Structure formats: structure tokens, C-alpha cells
Amino acid sequence: MTNEAIKEFITATLPSASFDETGEWLNIQIEPTQLLTLAKALREGETNMNYLFCLTCVDWKTHLTMVYHFSSTQHRNSIVVKANLDRNQPSIETLSFIWRTAEFHEREVFEMFGVQFENHPDLRKLILEDEFKGFPLRKDFEDPINMIKL
Amino acid sequence: MIQETEIIKDTTHLGDEGELVVNMGPQHPATHGVLHLVVTLNGETIKKIEPHLGYIHRSIEKMCESLTYRQFIYVTSRMDYLSSHINNLGCALLIEKGMQIEVPERAKYVRVILSELTRIASHELWLGAMAMDLGAFTPFFYAFREREMITDIMEDTCGARLTMNYIVPGGLMYDIHPDFQKKVKAFITQFKSKVTEYEDLVTNNVIFQSRTKGVGILSAEDAISYGCTGPVARASGVSCDIRKLFPYEVYDKVEFDEVIETAGDSFARYMVRVKEMNQSIRIIEQLIDNIPEGDFVGKTKNVLKLPKGEFYTRVETARGELGVYIVSEGGTTPHRIKFRSPGFSNLSALNHMAAGSKIGDLMATMGTLDLVIPDIDR
Amino acid sequence: MFSLEGLTAMIQNWLAANFNPTMILVLQCVIVILLAITLFAVLGLVLVLMERKVAAHIQIRLGPNRVGPGGMFQTVADTLKLIMKEGLTPDKADKLLFNLAPFVVMMVGMLLLAPIAFAKNFQIWDLNIGVLYISSISSLSVIGILMAGWASNNKYSLLGAMRSGAQIVSYELSAGFAVLSIIVFTGSLQITDIINSQENGWWLFKGHIPAIISFVIFIIAVTAETNRAPFDLAEAESELTAGFHTEYSGMRFALFFLAEYINIFIVCAIGATLFLGGWMPLHIGHWEGFNHLMDYIPSSVWFMGKTFFLIFLIMWFRWTFPRLRVDQLLNLEWKYLLPISLFNLLLATVIAIYGWHF
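Residue numbers (our numbering), protein chains in the order written: chain Y, 85 to 234; chain L, 22 to 399; chain A, 562 to 919.
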């Protein structure tokens with residue numbers, strides 16, 4: 085599938101999505117509330133994006149950005165979906181019911197960035213100990229004992 | 022500062038009636054490292070497996086945010102320490118792609134040869150460790166005999182046996198050792214003559230087959246849904262070899278087959294890795310005599326600065342697809358770096374694969390998943 | 562010619578000449594106890610060293626080679642270390658059972674020594690139900706293992722003990738039937754009778770196919786009964802860390818370890834007695850010259866040679882095969898070995914009745 089076809093397909097389901105083609109892959113910027121609609125369409129529609137190969141979050145100090153890398157084992161093309169989150173109350177729908185790999189990746193993002201994934205089946209800390217305070221991968225995380233300022 | 026997210030209480034409990042909750046790990050012979058599995062048992066039957074990670078988490082992603090583009094490559098050797106060379110390669114490829122650095126042909130050839138040697142070494146270690154999980158101790162020593170030759174080659178080439186750090190952006194750190202080709206050829210001869218021993222000792226063993234066939238089945242759909250890559254996914258019939266699909270370096274110039282099995286059980290995963298070793302030998306054979314003369318490193322600036330933007334590269338490590346995702350703001354250090362490690366996704370499928378089977382099957386399943394814990398924890 | 566027979570007779574005569582009958586019995590008991598304990602210690606050391614050397618040979622490495630010539634004193638050093646280590650008892654363990662279990666396992670091994678003929682006329686107790694005694698006592702060892710597993714208050718130990726219980730109880734049947742088919746041939750339960758019946762050839766060769774089948778089943782069953790790989794599910798290292806003896810340390814662990822090797826020795830000695838003629842030299846029909854030559858080799862050498870050959874066989878298994886899964890283990894016994902050995906017993910009876918064996 086060409087990028088044009090994908091763009092057309094996404095515009096049909098989500099007219100407000102904006103596109104960015106400067107990078108290697110097609111970037112799609114959406115609102116967090118639209119994620120589930122778009123994800124379902126991408127998975128079940130003709131794009132057949134059945135492979136979520138990277139799920140992460142980026143801290144921009146003013147806001148957080150969820151980054152989803154989708155690919156299709158049928159068409160072999162990849163797209164990137166981004167959604168900006170409010171840094172104080174980050175919350176977004178879980179994708180773990182559509183791509184089961186999202187369950188672990190979302191748990192990681194939850195503890196590292198503090199993003200709440202709604203309807204996640206088992207949103208607990210995966211890597212850090214249960215008593216850990218703070219979100220280590222955020223830019224303003226301070227740990228005077230273990231971090232050395234360069 | 023926002024309110025801390027309320028920590029949801031650990032839901033693990035002592036189990037319902039007739040259930041036994043066993044902590045496998047962080048110190049356990051079969052977890053090969055500090056993986057902690059909370060296994061709920063009903064007699065010998067596994068009801069649920071819940072991994073608890075983080076015992077060896079070094080926050081490499083955070084650490085890399087304060088390291089320059091030349092420095093951070095070497096931290097990645099410590100992620101999947103069995104394919105450290107391929108990890109380094111993935112990072113170097115990203116920097117070269119982002120900054121459009123020309124890599125000399127000679128460096129490309131050597132990088133691929135060493136990648137394949139690393140893959141064989143990793144699979145050899147896996148073979149031994151997996152057989153040990155199933156209770157056979159001897160294959161471990163047979164596998165290490167050949168692996169030792171590879172680590173010797175590595176030592177000659179770059180001075181290290183495990184975490185090699187041989188790659189710099191733009192090429193290699195040093196030229197290859199004068200004996201390199203001779204030693205690699207000696208290894209190929211040795212490996213080919215000894216690989217039948219594995220067949221006799223492991224593959225054709227009746228007990229081994231009955232322990233692995235039909236155990237830990239993962240369907241193709243589930244493999245994709247769980248994001249499994251590498252031999253795990255290929256054993257389920259998913260074509261996912263990055264070397265074939267998105268060739269990097271000189272993989273498009275060599276002939277090799279992507280090994281695919283369809284059974285999706287532990288035996289299929291075993292066969293995929295054994296056959297993959299033979300394919301790696303095939304790749305090395307095509308390249309070893311044709312290493313072009315010339316520079317081993319291209320011209321680069323002293324201080325590397327990735328242009329503003331986002332970059333993503335994928336390489337095929339011994340365990341699957343390693344993704345390196347860098348968000349750059351144009352400075353000397355990355356703004357955000359994410360390693361999509363193959364082991365993390367493969368581990369997430371463990372509960373699905375092993376629930377309902379016996380404890381012995383868990384060892385077969387876990388052994389053939391080839392988990393490397395620092396790769397999962399990063 | 563060197564013979565242990567003369568030695569026992571000499572001691573017997575000396576005792577008879579100097580003491581009254583009660584005292585003789587007491588002194589005999591003391592001598593036997595001392596000999597048994599010495600044998601235990603020596604066997605433990607030798608067998609552990611042998612295992613390590615055999616394993617090393619199979620695994621293309623050298624094995625212990627630092628302590629003493631060729632590493633001969635390695636196991637002695639290991640034992641010293643184990644003796645000096647602290648024997649921990651877990652806090653929540655059942656103290657009495659926990660401390661008793663290794664001794665129960667060890668005692669079973671000691672009791673089993675009684676009817677074994679180590680050489681011609683060199684036997685502690687030649688009781689007339691020798692084989693029955695062995696089968697009944699050897700089934701007691703499972704009690705020790707269950708005690709250890711239960712008393713440790715550890716989940717791994719419990720799982721290991723339960724596996725062990727299921728395994729030993731099942732494989733006892735096959736081992737029993739395999740032994741029975743030889744009893745059918747000899748018509749006696751006494752160890753000396755069984756050995757004497759093999760004067761003109763060992764049962765493995767005389768007994769046609771049933772004896773060979775019995776031998777194979779016997780070897781498989783006793784490997785399982787002694788919890789050796791590929792049937793080492795009770796202590797399956799990669800699954801249950803160390804199974805029933807996870808919580809044991811120091812000398813109590815060493816007792817379990819020693820008991821394992823003593824048990825191997827005993828089952829192999831029984832196997833050698835029943836199938837390979839015990840101390841009886843290799844005799845072939847009417848080849849007088851050959852038979853005479855074989856008689857020159859001392860009977861103790863014959864016995865030990867056969868026993869150690871079987872021990873080597875069992876060690877060979879361990880370093881070659883992966884472990885079975887628990888359901889496969891029980892399937893093997895109940896679906897294959899037991900029916901085969903029942904049928905085999907029938908076949909052996911028919912052959913014995915018609916006198917078709919040599």
C-alpha cells in the first residue's frame with residue numbers, strides 16, 4: 085500500500101488527523117481520544133496493521149507524546165501514530181485488546197512516564213519496585229543518589 | 022509536580038484453594054539470570070505465569086540521554102550481551118542514516134561477518150543452555166567447544182570476547198586481524214564437521230523430541246499480536262527476518278534462506294535456530310574471501326550531531342528484531358532513545374504459551390524463547 | 562589364591578576360640594557395623610569421583626585433577642568441606658522430621674547391604690527370603706524423601722517429594738516383576754541359591770528373551786527408583802532447583818547425596834547378582850579350560866566388576882539423556898513397562914515350566 089492510500093483510508097475514518105511525511109515513515113498526528121477509533125480501523129481495515137512493533141512515549145517538557153509504530157505483515161509498510169498528552173494528567177486508551185504486545189509496553193510506559201492507560205487489564209509496575217516514587221524517564225526526574233549530573 | 026499515580030496493589034496472593042503460588046526466580050537455575058516468574062500451579066499444571074522484571078534494569082534509555090552519539094553505542098553492548106555486536110551495529114546504522122555517513126565496503130563486509138559469527142555464538146550458547154533446562158548437561162560442553170572458537174576470533178579482532186564495541190559510526194574501530202580470514206575458515210570447517218554431533222545427541226533424541234514437540238505452541242496470529250520476532254516468530258510461520266525484508270549492510274548481496282517452520286512448538290523453535298546457524302555459515306562463506314581492500318572507517322566529524330527529527334532502525338539480532346528509536350533535537354545527545362528489544366515482546370507471550378501445561382513444559386518453552394534478561398530489562 | 566572366604570573363616574575361628582557365644586555375636590555385630598560404615602564412606606567417595614570422571618570424559622573435559630594424583634582426593638576434600646559447613650534448619654520447618662529424613666534414607670541403604678554377597682561366602686546375612694527383603698526395604702526410602710519434602714516447608718521440596726513418591730511407587734512394580742522372572746527360573750528367594758544356579762551361565766544368557774527383557778526393564782526401573790537422570794524429576798535442577806533436598810545443607814545434604822550413590826551401588830549389585838551371576842565367574846557350558854581360567858579371577862573382583870559396569874551404564878544414561886516430563890514418566894511405567902513386564906513374567910513362567918532355559 086502506498087502512503088497516499090493509507091492517508092486516504094485514515095482521512096475517511098478520522099478527518100481531523102494531520103500527516104507529516106518528512107521522516108522515513110508516514111507520521112499521523114491525532115488527538116488521544118481518537119486513538120481507539122483509529123487503531124481499530126487500522127487493524128481491521130484494508131491496511132491490516134497487525135503488528136505493533138514499538139510503543140513508547142517522549143517527554144517534551146511541555147507535554148508527553150505517545151508514539152506508536154505500526155506495521156503490517158501483509159503490506160510491509162510502517163506508519164507512526166502520535167498523540168500528545170497533557171503532562172499533568174496523562175491518560176489514553178489502552179491498545180492491549182487489539183495488539184497484545186501493548187500490554188507489557190504500556191505497563192513500561194505507565195511506570196516510566198506515568199501515563200494512565202484506561203481499561204488496561206493489569207496496569208501495575210512491571211520493572212520498578214512497587215514503592216518507587218516518580219517517573220524516571222521524564223526529563224524532570226531527579227535522583228540525587230543514583231544520578232550524576234554531567 | 023503532579024500527584025503520584027496511586028500504586029495499584031500487587032494482586033498476587035497465596036492462591037485459591039488447590040492452587041500453589043511458586044516464585045521462580047530471581048534466583049533459579051532455569052531463568053538464566055534474574056527473571057522473576059510468579060507461577061500459579063494446580064499440582065503440576067501451570068495456571069498462570071506472571072513475570073516480574075527489573076532486577077537488572079540499568080535504565081540504559083535514560084543513561085543514553087546524557088551520552089554523546091559516539092558514546093552511547095557502547096552501552097548497548099550490555100543490553101543483549103549475546104549479540105552485542107549486532108546491538109552496536111543497529112545504533113551505528115541509525116547514526117549513519119541520520120547523518121548520511123558513507124561506510125566503506127570493507128567495513129560493511131566485516132560487520133556482516135561478525136554479525137553472523139555473533140549469531141552463531143549466541144545460538145550455540147542457547148543450544149547448550151536449553152538442553153540444560155531439559156536436564157541434559159552434555160550438549161552444553163559440545164556447544165561451547167565451537168563457541169570458544171568464535172570468541173577467540175572476536176578476541177583477536179577487537180580485544181573483547183563478549184561485549185565487543187568494535188563498531189564506530191562510519192565503520193570499524195580497527196582493521197581486522199591478519200589471521201582473521203584463516204581463523205574464520207578454520208571455524209567453518211570445524212563447525213561443519215561437528216554439527217552432526219548435535220543432531221545425534223539432541224535433535225534425534227527420543228526424549229528430547231517428546232519433551233519439545235507440541236509443547237508451548239504459539240500460532241502465527243498470536244506471534245504477530247504479541248510482537249514476537251526472530252526465531253520465535255519464524256517457528257510459527259511468520260516471515261520476519263529483517264535481513265531479508267529490509268536488508269542493511271551487504272545482506273542484499275548474499276544468498277541465504279529465511280528459515281521458517283510452521284509448527285510453532287518448542288521443537289520448531291529449536292529447528293529454526295539450528296538451521297539458522299547453517300545459514301549464517303553460508304553467509305560467512307560467501308563473504309569471507311571477498312572482503313574488499315580499502316579503508317575500514319569512513320570520514321566523520323569529531324563531534325556527531327544528528328539533525329532534528331526522529332530516526333528508527335531495525336536490525337535482526339539473534340533473538341529477533343531490535344529497534345532503535347531516537348528523537349533528536351539537533352544536539353550532541355539524543356533527546357529520547359528507545360530500544361525495542363526482542364526479548365521483552367517474546368517474554369510477554371510466555372503466559373499465553375505455557376499456561377495449562379506442566380512445569381517441565383515451562384522449561385522447554387522458556388528455553389526455546391531464548392530469553393536474555395538484560396535485553397528484557399535494559 | 563586370594564579369597565575373602567579364608568579371611569572370614571579366620572576371624573570366625575579366632576572369635577570362637579577366645580569368647581563365649583554371646584560375646585561372639587556382639588563382636589560380629591561390631592565388626593559388621595564398622596565394615597558397613599567404612600564401605601559406605603569409601604563407596605561414596607569412589608562413586609562421586611567416578612561420576613565426575615565419567616561425566617568429564619563424556620563432556621570432553623578433564624574433571625577433577627587438582628587435589629591429589631589425578632584429582633583422587635577431590636571428593637575427600639569436598640566431604641571435609643560439607644562436614645564443616647553449618648547445617649541450617651529453616652525456621653518454619655518441622656524440626657524433628659527435617660532432621661530425621663536424611664538418616665531414614667541412609668538407614669534404608671544400610672539395611673539393604675545385609676543380603677548382598679560381595680564375594681564367595683562373604684555376606685552379612687544370607688536370609689532365605691533375600692530378594693523379598695530387598696524389595697520390601699528398598700520401598701522404604703520413599704518415606705525418607707517424602708519426610709524431607711514435607712518437613713522442609715518449601716514448595717519446591719514438596720513438589721519434588723510428591724513427584725518422587727509417585728515415581729518410586731510406580732517403578733517399584735516393574736522392578737519387582739523383573740526380579741520375579743528370575744525368581745521363577747531359580748525357584749528360590751535366597752541370594753546364595755540364585756548365584757549358585759548361575760554356575761553354568763548367567764541368567765542374562767541362559768534365560769532367553771524373557772531374561773533380556775527383564776534386564777532392560779530392571780535397569781530402567783532402578784534408574785527411576787534411585788531418582789537418577791533421565792528420571793531425576795524429584796530433584797530436577799532446572800525445574801525445582803534441587804527438589805526435595807533444596808533446604809538441606811552441610812552434612813545432612815551430604816547424607817542425601819551419599820545415599821543416592823549407595824542406592825545406585827546397591828541396585829546395581831542386585832542387578833549383577835540376579836542377571837550377571839553375582840560373584841560367579843563367567844562360565845560357558847562345557848569349556849573346561851576356559852571355565853577354569855575364569856575361576857582364577859577372585860570372586861570379589863567379578864562381583865565388583867559387574868556392579869561397576871552397571872553403575873557406569875547408569876552414569877552414561879545420566880550424561881546423555883534429557884529429563885522426562887512427569888506425565889511421560891508415569892505413562893512409560895503404567896502404559897508400557899508394566900504390561901510388558903507382566904507379559905514377560907508369563908513368558909518366563911512358561912519357559913521355566915517346560916525347562917526350555919539352559
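These are computed hints drawn from the structure, not numbers from a lab. Note that the structure is predicted; figures quoted are calculated from it, not measured. Treat the hints with caution; some may be incorrect.
Lysine to any residue pairs mimicking SDA-like chemistry, simulated, CA-CA at most 25 Å apart [unchecked claim]:
no. : chain 1 : residue 1 : chain 2 : residue 2
1   : L       : 326       : Y       : 157
2   : L       : 83        : Y       : 230
3   : L       : 69        : Y       : 204
4   : Y       : 145       : L       : 353
5   : L       : 265       : Y       : 157
6   : L       : 234       : A       : 888
7   : L       : 379       : A       : 908
8   : L       : 379       : A       : 893
9   : Y       : 217       : L       : 79
10  : L       : 296       : L       : 163
11  : L       : 326       : Y       : 108
12  : A       : 716       : L       : 353
13  : L       : 326       : Y       : 204
14  : Y       : 217       : L       : 71
15  : L       : 379       : A       : 658
16  : Y       : 166       : L       : 119
Sample of chain Y residues with no beta-carbon within 12 Å of chain L, all distances over it, derived [claimed, not checked]:
no. : residue
17  : 86
18  : 95
19  : 98
20  : 124
21  : 186
Have a look at the derived ranges for each label pair, beta carbon to beta carbon [claimed, not checked]:
no. : chain 1 : residue 1 : chain 2 : residue 2 : range
22  : L       : 118       : Y       : 218       : 56 to 64 Å
23  : L       : 376       : A       : 664       : 38 to 46 Å
24  : L       : 330       : Y       : 158       : 23 to 31 Å
25  : L       : 319       : Y       : 170       : 43 to 51 Å
26  : L       : 330       : Y       : 227       : 24 to 32 Å
27  : L       : 352       : Y       : 202       : 33 to 41 Å
Ideal Cβ placement from N, Cα and C applies to all residues, glycine included.
- Task: Against the structure, test the hints numbered earlier, and report the numbers of the ones violated in rising order.
- Result: 1, 7, 12, 13, 15, 21, 22
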